[in-house]
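Colleague: Going down the list, the protein sequences come from chains A and B.
Quick note on numbering: the first sequence equals residues 25 to 254 in this note's numbering.
Quick note on numbering: the second sequence equals residues 35 to 110 in this note's numbering.
Quick caveat, the hints were computed from the structure, so don't treat them as lab data.
Remember, it's a predicted structure, so these values are computed and weren't measured experimentally.
Note that CB positions come from ideal geometry on N, CA and C, so glycine has one too.
One or more hints might be untrue.
As the list claims (entries may be wrong) - Some chain A residues flagged as far from chain B (calculated, every beta-carbon gap over 10 Å):
#, residue
1, 40
2, 67
3, 75
4, 88
5, 91
6, 100
7, 111
8, 118
9, 139
10, 150
11, 209
12, 222
13, 229
14, 238
15, 250
16, 254
As the list claims (entries may be wrong) - What follows is a set of in silico ranges between Cβ atoms, one per label pair, in the way DEER data are often shown:
#, chain 1, residue 1, chain 2, residue 2, range
17, A, 222, B, 91, 14 to 22 Å
18, B, 108, A, 142, 40 to 48 Å
19, A, 173, B, 105, 31 to 39 Å
20, B, 105, A, 199, 38 to 46 Å
21, A, 160, B, 103, 33 to 41 Å
22, B, 47, A, 184, 25 to 33 Å
23, B, 108, A, 145, 34 to 42 Å
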Amino acid sequence: MPSKNVRTAGGVMAMLGVVGVLVLHWMVFFWTPTEANQGIIQRIFYIHMPSAVVAFLAFGIVAICSALYLWLGDDHLDQAAVAAAEGGIVFTTIVLLTGPLWGRIAWGTYWTWEPRLTLTLLLWFIYLGYFLVRASTENPDRGKRFAAVVGIVGALDIPLIHLSVRWFRSLHPGPVVIKPEGPTLAPQMMTTIMVGLVSLLLLFAGIFLIRYTIEVAKQTLDVRDQQARV
Amino acid sequence: MLLSKRLLRRCATALLGLLIAATPALAQMPGQDLGAQTMRPYRFVFIAYAIAWILVFGWVVSVARRLSHLARRLEE
Chain A
25 MPSKNVRTAG
35 GVMAMLGVVG
45 VLVLHWMVFF
55 WTPTEANQGI
65 IQRIFYIHMP
75 SAVVAFLAFG
85 IVAICSALYL
95 WLGDDHLDQA
105 AVAAAEGGIV
115 FTTIVLLTGP
125 LWGRIAWGTY
135 WTWEPRLTLT
145 LLLWFIYLGY
155 FLVRASTENP
165 DRGKRFAAVV
175 GIVGALDIPL
185 IHLSVRWFRS
195 LHPGPVVIKP
205 EGPTLAPQMM
215 TTIMVGLVSL
225 LLLFAGIFLI
235 RYTIEVAKQT
245 LDVRDQQARV
Chain B
35 MLLSKRLLRR
45 CATALLGLLI
55 AATPALAQMP
65 GQDLGAQTMR
75 PYRFVFIAYA
85 IAWILVFGWV
95 VSVARRLSHL
105 ARRLEE
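Could you put the whole structure together from the sequences, leaning on the hints where they help?
Modeller: Written out as structure tokens, the structure reads:
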């Protein structure tokens, strides 16, 4: 089995991520104060926002690896892009499912077609398309190249999602952590969100590395099968 | 008689005050009692964290299964 060290590193990172997520749960439910205006429902923020950041990072990796793959043609870059895209889809799904639950209490509706929500749903569909394009071409190399283009185009949606709350009149609140003037959260809330961010990043990085080794192993098997046929 | 009339008026005022105070809360989610409304955010927070756990756990299980399947094939 190739990349054993990478897999071990991934496992360690994922385990650290799980421990971090457990600490996060303790902080969310027993340590962080309840937000004055929204009450208990605001606690969804501590899983919603870090998931969004991890998803954007994952799709950023997809875009960079895809661009480099188109340029250099190295299969390892495509394998890294696939691994990151899968994580991105998982974390965007978390964002798209936890957000409406928060919105139902805060806004009185599960869903509204406002810019940030619509663009995030679009992002989810673009990366679903990334996998469909890969799977639907007869020539695998062609599928990889088409998917790489989708991966690059899809990442253009990320800055739009971030800036949409500034550009358009929107129900979704503006950024409270990632903003030029600095974060505007209470210190305990800030610490909790940072623990959430680090934990989910570690979890994603760990599973991403393991997922990457799967793609490498798949290619090894494909090459072996081709050689056996010859 | 006078005392009972005053008591009745006070009770009516208190009831009216209570109704006025409760109306906005009741109007927020029609068809649900106040207890259910108060518990709803707690339930939603629980569901949100459960969804996150289920999705991440599902992803981990799926990756682990694919990994063990490939490991078996490579050993063959």
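Colleague: Enumerate the violated hints, using their earlier numbering and listing them in ascending order.
Modeller: Hints 2, 3, 7, 8, 14, 21, 22 are the ones this structure does not satisfy, whereas the remaining hints hold.
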